[in-house]
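A.B. asks: In order, the protein sequence lines correspond to chains A and B. Per the numbering used here, the very first residue in the first sequence carries number 13; after that it's consecutive. Per the numbering used here, the very first residue in the second sequence carries number 773; after that it's consecutive.
Just so you know, these hints were derived from the structure itself, not from any lab. These numbers were taken from a predicted model, which means no experiment stands behind them.
Straight-line alpha carbon distances no greater than 30 Å define the calculated BS3-like cross-link-like pairs of lysine-lysine that follow: (1) Lys224/A <-> Lys266/A; (2) Lys138/A <-> Lys811/B; (3) Lys1066/B <-> Lys138/A.
Away from chain B, derived, C-beta distances all over 12 Å, residues of chain A: (4) Pro28; (5) Ile91; (6) Arg220; (7) His235; (8) Gly259.
Backbone N, C-alpha and C fix where the C-beta goes; we use that ideal spot for every residue, glycine too.
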Amino acid sequence: MQIPSFNGLERTVGTPAMAVEEVSFRYDRPQPGRSWTVEQVSFDVAFGEIVGIVGPNGSGKSSLLKLMAGLLRPDAGAIYLEGRPIADRPPLEMARILALVPQEPAPLFPFSVAETVLMGRFPHRKAGWWNVGAGAEQEADLVAVHRAMAETNVLALADRLISDLSGGERQRVLIARALAQEPRVLLLDEPTAFLDLSHQIDVCAVVRRLAKERQLAIVLVTHDLNVASLLCGRVVMVREGTVRAIGTPAEIIKPEILRSVYGCDVVIDRHPETGGPRVTLSMQAV
Amino acid sequence: MRSVRSVRSGEQTRPLIPTTVGSQTSCPVTRSLEFEWVKTGAVLTERHQRLVLAWLLAGAFVVMIVCTKFGAVDVTGSDWLAALWNLVTSDHTDEAIGPVGVILLQVRFPRVLMGFLVGGTLAIVGATLQALLRNPLADPYVLGVSSGAALGITAATLLGGAAFSGAFSMGVLTVSIWGFVGGLATLVVIYTLAQSHGRLPIHGLLLAGVVLNAVLTALIMFMTSIMEPARSAGLIAWLMGSVAVPGWSGLLGIAACVTAGAGWLLYHAPALNVLTQGEETARSLGVDVERLKKRLYVVAALLVGAVVSVSGMIGFVGMVVPHLVRMAVGADHRLLMPAAALVGGSFLVLSDTVARTLLAPSEIPVGVVTALAGGPVFLYFLLAQKSRMV
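Model the full assembly from the supplied sequences, consistent with the hints where possible.
C.D. replies: Shown next, in the form of structure tokens:
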């Protein structure tokens, strides 16, 4: 199946949107007892696929996501975005293909929701003096913003201040900002962290719809194995910077694998609706 | 491609919400200007931006004209109006405009314009630093940039051996360069101190600024204390802040420098918007954050150096004005920065008028007026923000 891409090039479903190959990385000041934050990691992501990166605290999953977003540079290995190493791509070009929803503290500046989403158009704007004036947005910018807000159900919040929103609403606005970039790859850092149940469901539904309808390649880092099980086609399980297991949730979320990665026992049964694995804390361990 | 400018062209078609899947370019023809959120003003429109700036410009103009009535020499209202009329209609010979006209033309107009330039520059630099640091309380003074500039100028005076009585006695350019060197050196030191992991955490920078500010102020006090009183008197008066200017010649150089720098900052308003969202977000949106930050800091240091060299240490304009303007017009820097410049300029012109009329014929330093007006506001924001700040 051929899908026309944004820049007119053809791309085929099934070719990896992103490929991480033998990537190693360490911070200037490495953690005690460990030389690499990310070591020899390889995996790829296809268009329309949701890949979850899971693992214990400090396992390097957020660093891995930052490497993929180009925020950190790998010390070894390479990361390919649509077949080209991200190190060769200028930042603005990269921002038109790949969007990141980071975990950053709530902004103190009183931007409205629509203004926040409009910032996603930054990589598409044409630089020049005339763009300093407001109203320099082209029709395509406003259409993209409208579509992004519609798809994340934040249209009704458009003129509210971002600082006045609840965590779940804010998360959807940040996803809308990323969508306004019209990316083909979407990276999410802990999209459901600190959200209550209904907001978790909202965010999950949005992510799922985007993979299906926009055929985005989506990578998300999460703590929540049940979210990973429900959303992800494949799960990458990391511990101490290396990939310990990779595969579908049914293949990966098993007691023996979780014991070796997390070092604890959990109860795993079947999700009554999906039949996928469901993780619960074990009473015996508690 | 049509732009938002055609918002007034009156097209009536209902918006079509694009629903195409997979392809991102082929959105159906859409009247985006009919979007509800565009109409309710959830984003800044060109019309709104122009309207606000036009009003502020008109306000600034009125403030500047009215403030020329006040000063050391008492001028009656009718004399003042007549002199203004003569200035507009006659050629500018001393005979044609009369004594009041000469005072207005040679003393008060340059001074009012200088106040406007200084206030506007401080406000626009303040807005820039607040966005850069993602802290609505940042300001050239909090960071120590102004103290650094003042120290550079003080050191130049100490080494030069001449008496200092404001920038104009030494040549604006020379003094500005010393101010720039001092301000930039401060920023470099702060940068180096606060650097870790190859990038710059915000809170480290603020703390470094606070500490450096204290040290620099102590150095300035030390230097003035070892000068002969005759030489340090002018220096101390200048440090306290004044926008007095000896005629038009001194004004032009500083006006050119400040306009160019402020224009350059304004050009980066869209990038500053993105920077307020966090550094990771900004980088993922394609902003070369480290390079942009360095450039913005250098230009900010240049502007502060220029402003401090002509007007000394005038505090709080750079912090209070952008903060209040942001509350009124929103956070979009494309409107916030020019609006803050206009309001900051007007505010300093008013403060200077208070400074020179309150105890006329003697003058209070304008830095004292802005500090007394701005300090309590700063404290209020600090308390209000305490619960939200990290």
